[in-house]
Every structure is written in C-alpha cells, then in structure tokens.
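S.K.: As a plain string of letters, each chain reads:
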Amino acid sequence: MRIGRTGHGIRSVVQQTVKGKRHMSQGKYNVILDTLPKTESRLEVLFRQGGDGFIQVEYGREQRAALQDSFRMLAVNDIIHAKKIKGLIETVPGLRTNLLHFDPTVVDVPTLIAEVKDAEESMPSVDDVVLSSRLIHLPLAFEDSETKRAVEKYVKEVRPDAPNVIDGYNLEYIALCNGVSVREAKDMFLGTEWFNSGGGFWPGGAFLWPVDPRCALVVPKYNPPRTWTPEGAAGIGGPCVFTYTTPTGGGYQLFGRTAPTFQFSMKHPIFKDGPFLYRPADRVRFHEVDEDEVLWVHEHVHKETDYEYRIEEGKIVVKDYLAWLDTDEVREGIKEQNARREEGVQKAPRL
Amino acid sequence: MLKVINGGIETLVEDWPGRLGYLGKGMAPSGAFDNVGLGFANLLVGNPAGEAGLEVTGGFFQGEFLTDSVIAVTGTDMKPSINGSPIPMWESVAVKKGDVIAFSHIGEFGFRCYLGIAGGIDLPPYLGSKSTCIFGSYGGFDGRKLQPGDEVKFAAPRGKLKDLVGRKLKKEAIPEYSREWVLRAIPGTNTSPDYATEEGMDYLFSHTFRIQHTSNRSAYRLEELPEGFFARLDGGVGGSHPSNILDHAYAMRGALNICGNTPVLLIADGPTLGGYMCALSVINADLWKVGQGTPGRDFIRFRVCSQDEAVQARLDRKNLFTEDALV
Numbered sequence: 001m002r003i004g005r006t007g008h009g010i011r012s013v014v015q016q017t018v019k020g021k022r023h024m025s026q027g028k029y030n031v032i033l034d035t036l037p038k039t040e041s042r043l044e045v046l047f048r049q050g051g052d053g054f055i056q057v058e059y060g061r062e063q064r065a066a067l068q069d070s071f072r073m074l075a076v077n078d079i080i081h082a083k084k085i086k087g088l089i090e091t092v093p094g095l096r097t098n099l100l101h102f103d104p105t106v107v108d109v110p111t112l113i114a115e116v117k118d119a120e121e122s123m124p125s126v127d128d129v130v131l132s133s134r135l136i137h138l139p140l141a142f143e144d145s146e147t148k149r150a151v152e153k154y155v156k157e158v159r160p161d162a163p164n165v166i167d168g169y170n171l172e173y174i175a176l177c178n179g180v181s182v183r184e185a186k187d188m189f190l191g192t193e194w195f196n197s198g199g200g201f202w203p204g205g206a207f208l209w210p211v212d213p214r215c216a217l218v219v220p221k222y223n224p225p226r227t228w229t230p231e232g233a234a235g236i237g238g239p240c241v242f243t244y245t246t247p248t249g250g251g252y253q254l255f256g257r258t259a260p261t262f263q264f265s266m267k268h269p270i271f272k273d274g275p276f277l278y279r280p281a282d283r284v285r286f287h288e289v290d291e292d293e294v295l296w297v298h299e300h301v302h303k304e305t306d307y308e309y310r311i312e313e314g315k316i317v318v319k320d321y322l323a324w325l326d327t328d329e330v331r332e333g334i335k336e337q338n339a340r341r342e343e344g345v346q347k348a349p350r351l
Numbered sequence: 352m353l354k355v356i357n358g359g360i361e362t363l364v365e366d367w368p369g370r371l372g373y374l375g376k377g378m379a380p381s382g383a384f385d386n387v388g389l390g391f392a393n394l395l396v397g398n399p400a401g402e403a404g405l406e407v408t409g410g411f412f413q414g415e416f417l418t419d420s421v422i423a424v425t426g427t428d429m430k431p432s433i434n435g436s437p438i439p440m441w442e443s444v445a446v447k448k449g450d451v452i453a454f455s456h457i458g459e460f461g462f463r464c465y466l467g468i469a470g471g472i473d474l475p476p477y478l479g480s481k482s483t484c485i486f487g488s489y490g491g492f493d494g495r496k497l498q499p500g501d502e503v504k505f506a507a508p509r510g511k512l513k514d515l516v517g518r519k520l521k522k523e524a525i526p527e528y529s530r531e532w533v534l535r536a537i538p539g540t541n542t543s544p545d546y547a548t549e550e551g552m553d554y555l556f557s558h559t560f561r562i563q564h565t566s567n568r569s570a571y572r573l574e575e576l577p578e579g580f581f582a583r584l585d586g587g588v589g590g591s592h593p594s595n596i597l598d599h600a601y602a603m604r605g606a607l608n609i610c611g612n613t614p615v616l617l618i619a620d621g622p623t624l625g626g627y628m629c630a631l632s633v634i635n636a637d638l639w640k641v642g643q644g645t646p647g648r649d650f651i652r653f654r655v656c657s658q659d660e661a662v663q664a665r666l667d668r669k670n671l672f673t674e675d676a677l678v
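So the protein lines, in turn, are chains A and B. In case it helps, the working numbering puts the first sequence at residues 1 to 351. In case it helps, the working numbering puts the second sequence at residues 352 to 678.
Hints are computed from structural coordinates only; laboratory data are not their basis. Glycine is no exception: its CB is placed at the ideal position from the N, C-alpha and C atoms. It is possible that some hints are incorrect.
[Unchecked claim] The list that follows gives simulated cross-link-like pairs (lysine-lysine, DSSO-like), each with its CA atoms no further than 30 Å apart:
#, chain 1, residue 1, chain 2, residue 2
1, B, K669, A, K83
2, A, K335, A, K221
3, B, K511, B, K354
4, A, K267, A, K84
5, B, K511, B, K447
6, B, K669, A, K86
7, B, K669, A, K84
8, A, K153, A, K347
9, B, K511, B, K522
10, B, K504, A, K303
11, B, K504, A, K267
12, A, K117, A, K84
13, A, K153, A, K221
14, B, K354, B, K504
15, B, K504, B, K430
16, A, K117, A, K315
17, A, K272, B, K504
[Unchecked claim] To list a few chain B residues with every Cβ distance to chain A over 10 Å, as calculated:
#, residue
18, E415
19, D473
20, R648
21, E674
Let the sequences and hints guide you as you build the complete structure.
M.R.: Here it is as structure tokens:
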C-alpha cells in the first residue's frame with residue numbers, strides 16, 4: 001500500500017520535503033510553536049508542541065550527539081527549575097531535547113515558552129555556561145561472577161552461538177569492536193568520568209557518556225536481548241554506559257558490577273528522599289575493586305544500610321571543557337582512538 | 352476488606368492522575384487506564400474522584416467482602432453480581448460481610464471495569480500514588496496484579512455507609528462507549544515536513560486503525576503504516592530506520608510512537624524515553640477511551656484538536672465528578 005497519488009513514490013516525496021524544510025513555519029502539521037535564533041553560545045532553539053501538556057525544547061535541527069549541548073541544556077534546565085514555575089510538573093532532559101511536562105489548566109503555553117526563553121537568554125555567552133555537577137565514585141569489579149552468570153544464562157537459553165560472547169563474557173568483544181586490548185578497554189572505563197545526560201529509560205537509570213572522548217568505546221547491543229541482568233551490572237551499548245538499577249532484561253554488553261544505584265524501599269539514608277541515586281548532570285568515576293568488595297557494598301546498602309557513598313559537589317565550566325577538547329593532545333588522542341576503532345569494527349563479528 | 356478469590360485476567364489497584372513527576376527517573380505515571388470510569392465509581396461511593404479503586408481488565412475477578420461496605424461498579428458491563436444476583440452498574444450498592452462479588456467477561460462495549468469502594472483502598476502511596484506499575488512491578492498492591500488470598504484493605508468511608516447507598520448516575524452522564532474510539536489528538540513532536548510526509552500525517556488522521564492483540568497497559572499497538580509515511584530515508588545518527596531519532600523523552604501519557612512502521616500509543620505504564628519519533632499526542636481528556644478500547648476487536652481514529660479545545664476538555668472532565676451528575 002502506498003500513500004498519495006498513484007506513482008507518487010518515496011523519492012519524490014523526500015525531495016519535496018527537503019525543499020519545504022526552509023519554510024518550517026508553514027505547513028498543515030507545523031508543530032514548531034516558536035524559535036530562538038542560534039548564537040555564539042548555543043544552537044537554534046525550537047519549541048515543539050507535544051500534546052496538551054507537553055512542549056519539547058529542541059536544540060538545533062541536526063540530530064547530533066555532542067556533550068557540550070547537554071551541558072548547556074542542563075545548565076538552562078537548572079535555571080528553569082529555580083524559577084519554580086507554577087503548573088510545570090517536571091522537565092525531562094534527553095541529550096539534545098528537553099521535554100516540559102505541565103498542567104495546561106494552570107500555566108499556558110505562551111507563558112511557559114516565555115519563561116524558558118528568559119532562562120535561555122540569561123546565558124548569552126559561552127562564559128556564562130557553568131553546570132553544577134556532582135562526582136560520584138563507584139566501585140567496579142570487572143568480569144564478576146554475577147554478570148558472568150547472566151552471560152552464561154544468555155548463551156544457554158537465548159543465543160548459543162552469540163558472537164559477542166568470547167570466553168564466556170563480553171569484555172573481549174567490547175575490546176575487539178574498539179581495536180584495543182581487554183586491559184586497555186578496562187583502563188578506558190576507569191580513565192574518564194562518565195556524564196549523566198539524563199535518565200528515563202528504566203527506573204532510576206542514567207545514560208552515562210565519556211567526558212574524555214579518548215576513552216569513548218562504542219559497541220552494538222545484544223541481538224536479541226538478555227532475559228536477565230543482575231542489579232548493579234555495568235554495561236555499555238552504543239556509546240553509553242548504564243548501571244542496571246534493578247534485575248531486568250537488557251541489551252548492553254556487560255563488563256562488570258558496581259554498587260546499587262537504586263533502592264525501591266528507600267531504607268538507606270542516601271535514598272531517603274527517593275529511590276534514585278543519579279541526578280542529571282552527575283558524573284561517575286569507577287575505581288577497580290575485587291568482586292568481594294562489590295558484594296560487601298550491596299550487603300551494606302540493602303541490608304546494613306551503612307555504606308557511605310563517596311559523592312563530591314562540583315561543576316563543569318563549559319568554556320574550559322571546550323578549550324581542553326581543542327588541545328593538540330586531546331585532538332590527537334581522539335584521532336588515534338578513532339583509527340583503532342575503525343580497524344576494530346572491521347574485525348569484530350556482527351551481531 | 353476484600354479477600355481475593357480469583358484475580359481474573361488482570362485486576363490492579365489504580366488511582367488518578369497516577370505517579371506524576373518521575374518521567375526523568377524512568378517511572379511512568381501509570382494510573383487508571385479509564386480515569387472517567389474510576390472517577391464516577393468514586394463519586395458514587397462518596398470518594399474524591401482520583402481515589403484508588405480496582406481496575407478489572409478482561410474480567411473474571413471474584414472476591415469476598417470481610418467487612419460491610421458500599422461499592423459501585425462502572426466501565427464495561429462484566430455482569431457484576433453479589434452472591435450470584437446481578438447488581439446494577441453506575442450506582443452505589445451496599446455489601447455485607449461475607450458477600451461474594453463476581454464478574455463475568457467483558458461486555459459488548461469496553462474492556463475495563465472499575466470497582467469503587469467507600470473510603471477507597473488503604474495502601475501507602477509510593478512516590479505520591481497508589482497506582483500499580485505492572486511493567487516495573489512497583490506501587491499498588493506489592494507492584495503486581497491481585498492473586499487469590501490477597502486481602503485488600505479499605506480506608507474509612509467519608510460519611511455513614513447508609514447515606515452512601517443508592518447514589519445513581521444520571522443516564523445522560525454515563526459515558527458513551529463504542530467499538531470505534533475517536534481520540535482527539537495534537538500533532539507533534541515529529542510531524543511533516545521534517546519527519547513525516549504531509550500525506551502520511553493525513554493518513555494518520557483519517558485512517559481507522561484496528562487495535563492489535565499485543566496491546567497492554569504500556570502500549571496500544573496499531574496497524575502498520577503504509578509506504579510513503581516517512582519524510583526521511585533513515586534516522587541519521589539515531590539509527591538506520593527513518594522512525595529512529597536520538598533518544599528523547601516521550602510525552603507520556605498519550606504520545607503516538609512510530610516504532611519502525613508500527614504506530615504505538617504510549618499509555619499508563621509505557622516507556623518514558625527512547626529512540627523513536629512521536630507523530631501526535633492524544634489529549635489528556637481523551638485518554639480514558641484508550642483504556643476502554645478492546646485489543647483485537649475495537650478501532651481507533653484520531654481527530655486533530657487545538658490546544659484550546661484540549662484545555663477546555665480537561666476542565667469539562669474535572670466538572671464531571673460532582674453531585675450534579677447524580678440522580
């Protein structure tokens with residue numbers, strides 16, 4: 001079945017669309033309610049209608065995954081929250097979009113857009129973009145018995161010939177995809193802070209991105225997914241690290257196990273205001289421990305409730321970050337790692 | 352208190368508006384799938400409209416009252432009975448300790464019925480709501496559907512039981528049920544010209560979609576879209592399919608996710624973020640109709656709605672649950 005006039009194929013439709021793109025404010029189904037122009041410190045801002053109680057604030061028209069966009073958006077997000085706008089129920093940041101969830105019987109759309117514009121305009125230059133960001137230190141045991149059990153179960157019950165399982169685990173595959181050794185892959189997990197661009201996929205979950213792009217690892221997800229993953233499992237899918245908040249299925253390649261980052265019962269003092277550890281803009285740094293220590297931590301979070309999470313207050317100065325990204329050392333490092341990955345991708349089996 | 356004899360297909364504790372404010376933490380609002388049905392059940396037994404009640408999906412629920420109470424059944428007609436004798440719907444009924452309530456299967460129209468109990472259900476709210484998120488196994492009654500042997504406690508009624516008996520909804524106040532549910536919707540966040548073709552959007556707003564068998568409290572799946580819907584050839588860095596997009600938050604509840612070629616309505620327990628485009632959102636005031644849509648049997652059609660109409664519809668719904676609606 002085909003839509004539209006006879007012989008009106010996809011190709012001609014696409015061409016029409018590309019032409020129409022320059023006049024985005026027109027059209028029967030235009031959902032862009034308002035815009036803010038691109039400036040030196042930010043991309044164009046689009047306000048997209050998303051239902052009677054939702055507006056999506058989008059940054060730029062290009063689907064790009066760049067950490068600095070997230071830094072800026074979350075800094076604006078903090079300002080929006082500080083305004084305590086009546087009727088705004090919550091904001092849900094993604095990587096390049098922020099969803100405003102509101103009660104339209106309390107606050108109307110123009111008011112809400114004006115408030116967000118005001119927050120945007122309060123950071124006119126890149127010097128103004130400073131983001132509050134906590135640093136959470138988490139213990140990590142590579143290739144522990146629990147996550148190994150999850151991989152074993154997968155091979156036994158889901159995909160016996162899984163090419164991403166080498167020597168009963170996923171670490172070798174992660175390394176292979178990125179053209180590095182297993183030890184080097186481990187050092188990359190340990191060698192950078194991992195930035196939380198926001199949650200939303202699973203209760204308490206966070207999407208963690210490498211702050212140091214030289215430590216970026218990219219891997220395909222399981223195909224098909226696992227049916228079980230233990231709580232605390234640390235995995236990577238695409239460019240993002242995820243620490244499993246509850247036992248569940250999942251598709252990320254597993255590399256180890258860390259502390260609990262979620263607690264339904266809210267018994268441990270860190271969870272007294274909610275079952276979640278992560279907040280948007282948090283950074284995580286992993287340090288390597290042995291498996292017994294991770295087991296001890298789980299015991300002392302859930303049973304004894306006396307484990308002390310190490311969390312430091314901090315900030316990200318976006319201007320400094322961009323300057324650091326632009327140093328020869330970092331640029332060279334990124335180039336080298338990209339070259340290794342390109343080679344690795346050729347050799348790694350497809351899933 | 353009510354002791355469950357048979358949990359039926361799926362019987363859950365739900366309230367309204369559910370668990371709001373946790374989308375960014377990966378927690379759906381959940382809540383009564385048909386909030387109008389729950390609202391009337393509560394009105395009839397003297398509760399605030401959003402109080403928790405039992406949502407009976409599909410049918411066959413049975414339970415024994417361990418205390419005297421006043422109840423009301425609304426929603427699809429599952430031929431509710433007490434000790435084998437039929438009881439009327441859309442009005443409050445007294446029950447005695449030892450009475451057994453039983454439901455048959457779904458009626459000619461609708462898919463869910465609601466059991467309101469004077470005082471509501473006595474459960475501690477979890478993150479601000481008594482609703483069950485069946486998908487995430489939390490909230491409500493141990494985060495799950497009711498099973499034989501469960502004892503569901505009632506809170507204290509707001510008034511004397513005898514004063515709450517015989518409250519009856521006016522005939523014209525009973526919501527109209529259908530096999531083809533017309534849902535008012537607002538286009539967005541991803542439409543024509545940049546994500547879909549205008550012809551594609553026209554199709555979405557004119558076709559009558561059958562609700563697929565695979566639908567549940569997280570997602571109502573509709574028929575596949577025809578060729579020519581997408582304006583893009585692929586999803587760029589978001590993925591290879593033109594429905595892919597870099598992960599963004601979903602306007603939950605009500606967003607129509609385009610998942611590959613399949614339109615999927617995200618409702619109640621649905622995902623709160625992901626990598627598929629969303630073409631429209633059902634307005635909040637029409638969400639209840641989705642809950643009464645019967646998978647495999649009923650149809651859904653979308654009608655374009657303005658923001659003003661949607662806000663007015665929310666206000667009108669709020670005004671439904673007043674004494675004026677009663678005979």
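S.K.: Compare the structure with each hint and give your call.
M.R.: Outcome of the hint check:
no.: 1; hint: K669/B x K83/A; result: holds, 28 Å
no.: 2; hint: K335/A x K221/A; result: holds, 24 Å
no.: 3; hint: K511/B x K354/B; result: holds, 23 Å
no.: 4; hint: K267/A x K84/A; result: holds, 29 Å
no.: 5; hint: K511/B x K447/B; result: holds, 14 Å
no.: 6; hint: K669/B x K86/A; result: holds, 19 Å
no.: 7; hint: K669/B x K84/A; result: holds, 25 Å
no.: 8; hint: K153/A x K347/A; result: holds, 26 Å
no.: 9; hint: K511/B x K522/B; result: holds, 25 Å
no.: 10; hint: K504/B x K303/A; result: holds, 29 Å
no.: 11; hint: K504/B x K267/A; result: holds, 24 Å
no.: 12; hint: K117/A x K84/A; result: holds, 15 Å
no.: 13; hint: K153/A x K221/A; result: holds, 17 Å
no.: 14; hint: K354/B x K504/B; result: holds, 9 Å
no.: 15; hint: K504/B x K430/B; result: holds, 24 Å
no.: 16; hint: K117/A x K315/A; result: holds, 23 Å
no.: 17; hint: K272/A x K504/B; result: holds, 26 Å
no.: 18; hint: E415; result: holds, 30 Å
no.: 19; hint: D473; result: holds, 20 Å
no.: 20; hint: R648; result: holds, 23 Å
no.: 21; hint: E674; result: holds, 21 Å
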